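Chemist: Those sequence lines, one after another, are chains A and B.
Under the numbering used here, think of the first position of the first sequence as 1, with each following residue one higher.
Under the numbering used here, think of the first position of the second sequence as 1001, with each following residue one higher.
For the record, the hints were derived by calculation from the structure and aren't laboratory data.
Since we're looking at a predicted model, the values are computed, not measured.
Wrong hints could be hidden among the right ones.
[What the hints assert, rightly or not] Facing chain A, from chain B, some residues (calculated, C-beta under 10 Å): (1) Phe1021; (2) Ser1022; (3) Lys1040; (4) Gln1041; (5) Phe1056; (6) Thr1064; (7) Ser1070; (8) Tyr1086; (9) Gln1092; (10) Thr1104; (11) Ser1106; (12) Ala1150; (13) Gly1156; (14) Ser1177; (15) Asn1179; (16) Leu1187.
Idealized CB from N, CA, C, for every residue including glycine.
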Amino acid sequence: MKKLLIHNDKVPNIHTLDVYRAQGGYASVEKALKTMTPDQVTEEVKKSGLRGRGGAGFPTGMKWSFLAKPEGVPRYLVCNADESEPGTFKDRYLMEKIPHALIEGMITSSYALGAKTSYIYIRGEYFYVARILEQAIAEAYAAGWLGKNILGTDFSHDCHVQVGGGAYICGEETALLESLEGKRGNPRIKPPFPAVAGLWGCPTVVNNVETIAAVCPIVNMGGEEYAKIGIGKSTGTKLISASGHINKPGVYEIELGVPVEEFIFSDEYCGGIRNGKKLKAVVAGGSSVPILPTELILKTAKGEPRLMTYESLADGGFQTGTMLGSGGFIVMDEDTSIVKNLFTFTRFYHHESCGQCSPCREGTGWMEKILHKFLDGTANESDVDLLWDIQSKIEGKTICPLGEAAAWPVAAAIRHFKDEFLEIARKKKFTDVSHYNRLNKISA
Amino acid sequence: MSSQVHGVQHFDKAKRAEIKFSEEAMKVVQTIISHYPEGKQKSALLPVLHIAQAEFGGWLSPETMDYIASVLKIKPIEVFEVASFYTMYNLQPVGKCVLEVCQTSSCWLNGAEDIVKYIEKKLSIKVGETTKDGMFTLKVAECLGSCGTAPMLQCGASFHENLTYEKVDNLIEKYKSENRLRSYTDLDYKNTI
Ligand SMILES: Cc1cc2nc3c(=O)[nH]c(=O)nc-3n(C[C@H](O)[C@H](O)[C@H](O)COP(=O)(O)O)c2cc1C
Ligand code: SF4
Ligand code: FES
Chain A
1 MKKLLIHNDK VPNIHTLDVY RAQGGYASVE KALKTMTPDQ VTEEVKKSGL
51 RGRGGAGFPT GMKWSFLAKP EGVPRYLVCN ADESEPGTFK DRYLMEKIPH
101 ALIEGMITSS YALGAKTSYI YIRGEYFYVA RILEQAIAEA YAAGWLGKNI
151 LGTDFSHDCH VQVGGGAYIC GEETALLESL EGKRGNPRIK PPFPAVAGLW
201 GCPTVVNNVE TIAAVCPIVN MGGEEYAKIG IGKSTGTKLI SASGHINKPG
251 VYEIELGVPV EEFIFSDEYC GGIRNGKKLK AVVAGGSSVP ILPTELILKT
301 AKGEPRLMTY ESLADGGFQT GTMLGSGGFI VMDEDTSIVK NLFTFTRFYH
351 HESCGQCSPC REGTGWMEKI LHKFLDGTAN ESDVDLLWDI QSKIEGKTIC
401 PLGEAAAWPV AAAIRHFKDE FLEIARKKKF TDVSHYNRLN KISA
Chain B
1001 MSSQVHGVQH FDKAKRAEIK FSEEAMKVVQ TIISHYPEGK QKSALLPVLH
1051 IAQAEFGGWL SPETMDYIAS VLKIKPIEVF EVASFYTMYN LQPVGKCVLE
1101 VCQTSSCWLN GAEDIVKYIE KKLSIKVGET TKDGMFTLKV AECLGSCGTA
1151 PMLQCGASFH ENLTYEKVDN LIEKYKSENR LRSYTDLDYK NTI
């Protein structure tokens, strides 16, 4: 199994510059600055087929080539370390264990983009991780990897960390930029896109932590070699955050293309379902992506094994497929209430809606209210239709995709588990067995 | 919550004068401001509010927000609109230790509700309330990026993961005996329990 990002996460003191360097760290900075032009670095990233790891999967090389380069205007690279999509914790792992992997990526990527300054915007709750990054940055300055004339070249670069204040919406790239400017995290209307008018109105590239870290191995091995890893348009490796009812929750780096069944059941990864229970459903790419029942997550509607790739997970569209998203892989066992889990998601989106668009602000609130009726045992069968109706009126009608992210999980839960909603409505009773006594079992 | 309209009330002048960063904190604030281009010091607002919350009693009083506005040379309303948008800033006084239990999917699947109920019973408070001795405030939070180690709670800078009732007992004991304000900015973030 090929690992490129967290292959040395268990090396003692890998968070320090000395150990990181001894493991071959900062090689991509040396190679890029000394032997390549900025455009050549971008070219390698294009060849690699790397796609954004923040959730949308947009080709990174293409995004970089859109960056406007007007004379005399600074350009910025901003790292999206807001990581708040429920089920996702891979960026935290990478930054906490191997902070220099991100910093190295920031320098190499900034060289390609011609950015003299970069910012790492990290969610405020990860304050302690921000400290770890700051220490690593201080080490990098002291050793000349950051600052004036890096490696004696005329490339100079400053990298800073900014903490947020607690808001999922700041993961949306234009809300992030607003927040970085010291404002409320209200997403901007696009266009203009950040590549033209981003931070303080200057051309800006926003990339996820993992995307930026992946630039280092791409520069080191060459884009073509990187593209050989994975399957088709899903090149390279991906960090998957695995949680829920599995024996071995945690962060796994997989080569894109591993079968979902192997990922869930093999001891190399999740190690199967806890307590000998059966698999019921999986949310494969963070809370925003459609939930799939066992039959459809293990195999596509056509009966082919489902693979951990952008394409295979999306096979069948939203009718029978889902998305790779951020790689937040939440596994649910047979006792799980899909309705209750959906309620936690919807409550989340209602809480996190910034409030600018009525369909999102009001829709998320109404969906939470109706779902609460199911938990109360006061819902009617017609409430399922009402839920469906509300979610269908959000998609495509909002400034940013949070509205859709809130609607999709509701639609998918009803699509695949309608009977569960109807049963509660008929019995007028909700019985929560899903986590019954689970805690006592753990502590025993 | 934020029903008091900031900037309209008449604040106690004497109280406002007391609010001033220590020399050490001011240095940190100046360093943060230096990370942004000339004239873009407003960008420092979010991190500076965290420092202010830690320095001035765990919450952002109207006086504190006015002071921050003066430090960053921006209008008080610009501070308030930000402080009221983000969840990590307290606009009302809180206990010394704010326990924030994640209630989202992965944590719920692993018994987060039981943890909330357990703490409610143990401290005789409900979610959103503070104990009479001003020691603990109990809150619920949305996914804190610790889903693989669920259930979990955050207190200040520390993440307490893979929670059990026993772990909750221990950390409450520990915090009680230490008896100090816990902030996101704390340096001793190591998860010790
Ligand atoms: C509501 C919302 C939340 C998001 N949260 C994150 C996040 O926490 N981290 C992230 O990298 N991208 C997040 N994104 C995606 C970003 O807007 C953006 O596409 C991404 O940072 C681009 O980087 P990439 O191309 O490297 O993936 C979010 C998008 C939306 C709409
Ligand atoms: S969709 Fe929701 S979160 Fe996005 S801008 Fe509109 S109200 Fe805000
Ligand atoms: S769901 Fe609780 S930390 Fe992610």
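Chemist: With reference to the structure, classify each hint as holding or not holding.
Modeler: Here is how each hint holds up against the structure:
The interface hint given for Phe1021 (chain B) is broken, as the beta carbon of that residue sits about 17 Å from the closest beta carbon of chain A, more than 10 Å. Taking 10 Å as the C-beta contact cut-off toward chain A, the hint placing Ser1022 (chain B) at the interface is violated, the least distance being around 19 Å. Residue-level restraint check for Lys1040 (chain B) holds (minimum Cβ-Cβ distance to chain A is 6 Å; threshold 10 Å). The beta carbon of Gln1041 (chain B) is positioned within 10 Å of a beta carbon in chain A (closest approach about 8 Å), and the interface hint is therefore held.
A distance limit of 10 Å between C-beta atoms decides the matter here; for Phe1056 (chain B) the minimum to chain A is near 16 Å, and the interface restraint is violated. Checking Thr1064 (chain B) against chain A: minimum C-beta separation of about 15 Å lies over 10 Å; hint violated. Restraint check, Ser1070 (chain B) versus chain A: the minimum CB separation of about 15 Å is more than 10 Å; hint violated. A distance limit of 10 Å between C-beta atoms decides the matter here; for Tyr1086 (chain B) the minimum to chain A is near 3 Å, and the interface restraint holds.
Taking 10 Å as the C-beta contact cut-off toward chain A, the hint placing Gln1092 (chain B) at the interface is violated, the least distance being around 16 Å. For Thr1104 (chain B), the interface hint holds, the least distance from its beta-carbon to any beta-carbon of chain A being 5 Å, beneath 10 Å. Restraint check, Ser1106 (chain B) versus chain A: the minimum CB separation of about 4 Å is within 10 Å; hint holds. The criterion of a C-beta within 10 Å of any C-beta in chain A is met by Ala1150 (chain B), whose closest approach is roughly 6 Å, and the hint holds.
Checking Gly1156 (chain B) against chain A by beta carbon gives a least distance of about 8 Å; that is within 10 Å, so the hint holds. Violation of the interface hint for Ser1177 (chain B) is found here, the shortest Cβ-Cβ separation to chain A being roughly 22 Å, above the 10 Å cut-off. Nearest Cβ of chain A to the Cβ of Asn1179 (chain B): about 22 Å, over the 10 Å cut. The hint is violated. At a threshold of 10 Å, the smallest CB-CB gap from Leu1187 (chain B) to chain A is about 7 Å, leaving the interface hint in force.
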